[in-house]
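Trainee: All chains should be modelled from the sequences, with the hints used to inform the complete structure.
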Amino acid sequence: MTAAARARKYEPRRVPETKVATSAMIASLAAEGYDTVAAPFGHALVEAAKDDARIVGLTADLAKYTDLHVFAQAYPDRFYQMGMAEQLLMSAAAGMAHEGFIPFATTYSVFASRRAYDFICMAIAEENLPVKIVCGLPGLTTGYGPSHQATEDLAIFRGLPNLTILDPCDATDVTQMVPAMIAHDGPVYARLLRGKVPEVITRYRPSYQFELGRAQMIREGRDVLVVSSGIMTMRALDAAELLAKDGIDVAVLHCPTIKPLDTETILAEAGKGRLLVTAENHSEVGGLGEAVARSLLRAGVTPAFRQIALPDEFLEAGALPTLHDLYGLSTAKVAQQIRGWL
Amino acid sequence: MSELTANLRSNVSLARRAWGIRRKALQMGEVQGQGYVGQALGVADVLATSYFHALNLRADDPEWEGRDRFLLSIGHYAIALYAALIEAGVLPEDEIGTYGMDDSRMPMSGMASYTPGMEITGGSLGHGLGIAVGMALGLKAKGGDQFVYNLMSDGELGEGSTWEAVMSATQHRLSNLICIVDFNNQQADGPTRDALAVGAEAPKWEAFGWHAQEVDGNDLDALVAAFDGARNCPDAKPRVIICNTKMCKGVPFLEEREITHFVRVEPDEWTRALDILDEEVPA
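Line by line, the protein sequences give chains A and B. Under full-length UniProt numbering, the first residue of the first sequence carries the number 1, and numbering increases by one thereafter. Under full-length UniProt numbering, the first residue of the second sequence carries the number 1, and numbering increases by one thereafter.
Read the hints as simulated data drawn from the structure, not as lab findings. Yeah, the Cβ is synthetic: ideal placement off N, Cα and C, and Gly gets one too. Worth double-checking, as some hints may not be accurate.
Said to hold, decoys possible - According to the in silico footprint, chain A covers these stretches of chain B (three or more CB under 8 Å from chain A):
1) 113-127
2) 130-137
3) 152-165
Mentor: This is the structure:
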């Protein structure tokens, strides 16, 4: 604990005049006016499982909180409750993959990345088994504090060979990534948006289709290129609308596959002379921003470069909208940062 | 039972198989001048009983779907399993000289992608039993009648993940899971009981809902009875056989060494150890 944090611990607090509820629900991240889809992951998995008997679902006491309960209800015989035991969850999923199944294992991102890493590494990734690890509460999507905020999951998993890493933006991404994960013969870690998930990208690009390993231009723009993943693509698109009113034209390149990174598309777009901003719901250390920066340096492409990401610190607990504003992930703060860099 | 397995069983005694496993492990140890030969000598009787009495396998088809699965959770015991796989004819005897060398199919720690008959990559301890739970669930879902055997060490009882798997196997009534604990009371820093004592071994597993047996892991008759007991138990429970073994068993001058987790064998002692084994070759 820092000296400032220790001092803060003993300061009395006032009851605020305006109460903002702490929420773990992803719908609270959507701006006004977005349609939402309930439990897109659960429904997509049920759909995929209809024609594929290899698909089984496992969870570590978080079926209801990872939308896997939809699958459990549809296929009770193919659902395995492993209890509050994340190491076992990953080992057992590996064992089932050895026997020819395609296991979807769900928990929260913090528990998969911090607690079960060795089991994902040695039992799943080293053997390149087709286990799909789908995890709720990625990055800053809950106000519960560091115990539930997986602000470093991408940094942890990017170093793991064989592992494909996905960071979807919305209900379309979540729905379409499920069959893509099954078609990919290897392990996948996917950050999950659960509950009522907004529909975002098709509003800007109706023809959008998720493709594993591919970054796609969602909004064209001549002044700034935002390379973003996950919910930050939504923030970037909303911020681009705000900035358009000031005559600032922002392009948004959505990059839902963090690994392998679509370097080719990123380099082609980065070479067009615009300010390049990466935007991610993750620590500034070891996530999308650093992955993009590495690709640029290796290729000798050097645009003006800025990073929107969470700071390298344990974040505060509180109401999610407040925290997104505090740490620069809100639409207003994204727009403000970009404006300041021009 | 496959014909091949039947032939393997009827050829010679289990004592001769255990002798063969000890001999081959020592030969491999000599190639590198090191290796976990203490463990290999200690667990040789358990492996002989596994591969030449209990397991249903096809030496010429190690990935045959109908096989019983044998997981080596303790990757550092690889030298022992290689010896058993060579003895069983899964690996050819003339590869003994490649042990631990570049390009070998027998690296110093057991890995699934290198070796026929090696089901999992072990080595990071506390993994095997959890993977075995998943395999047992998978086999049940497929309607198979194969058993999953997981060979682990007493040191792995210190890993919390082991107990997650212990509880899960009971929860899922995994009667097709047989865990074998090589209880030699040795880990890297000394006796297991001085590190993270488990104590009252069989009653502890029984309290978790397992069918538990504790045997002298260097007594072949006792091992055969225990393996039969584990396979034929009528209850819908997972089964464990705790095998009390002696490190370096069969080579008295090594048995007497004080620190035996990684036994020091001097260059001239390999031949001496092999000679001692060869003094009494079982039929």
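Trainee: Hint by hint, note whether the structure agrees.
Mentor: Checked hints:
no., hint, result
1, 113-127, "holds (count 8)"
2, 130-137, "holds (count 8)"
3, 152-165, "holds (count 4)"
The structure is consistent with each of the numbered hints, conforming to all of them.
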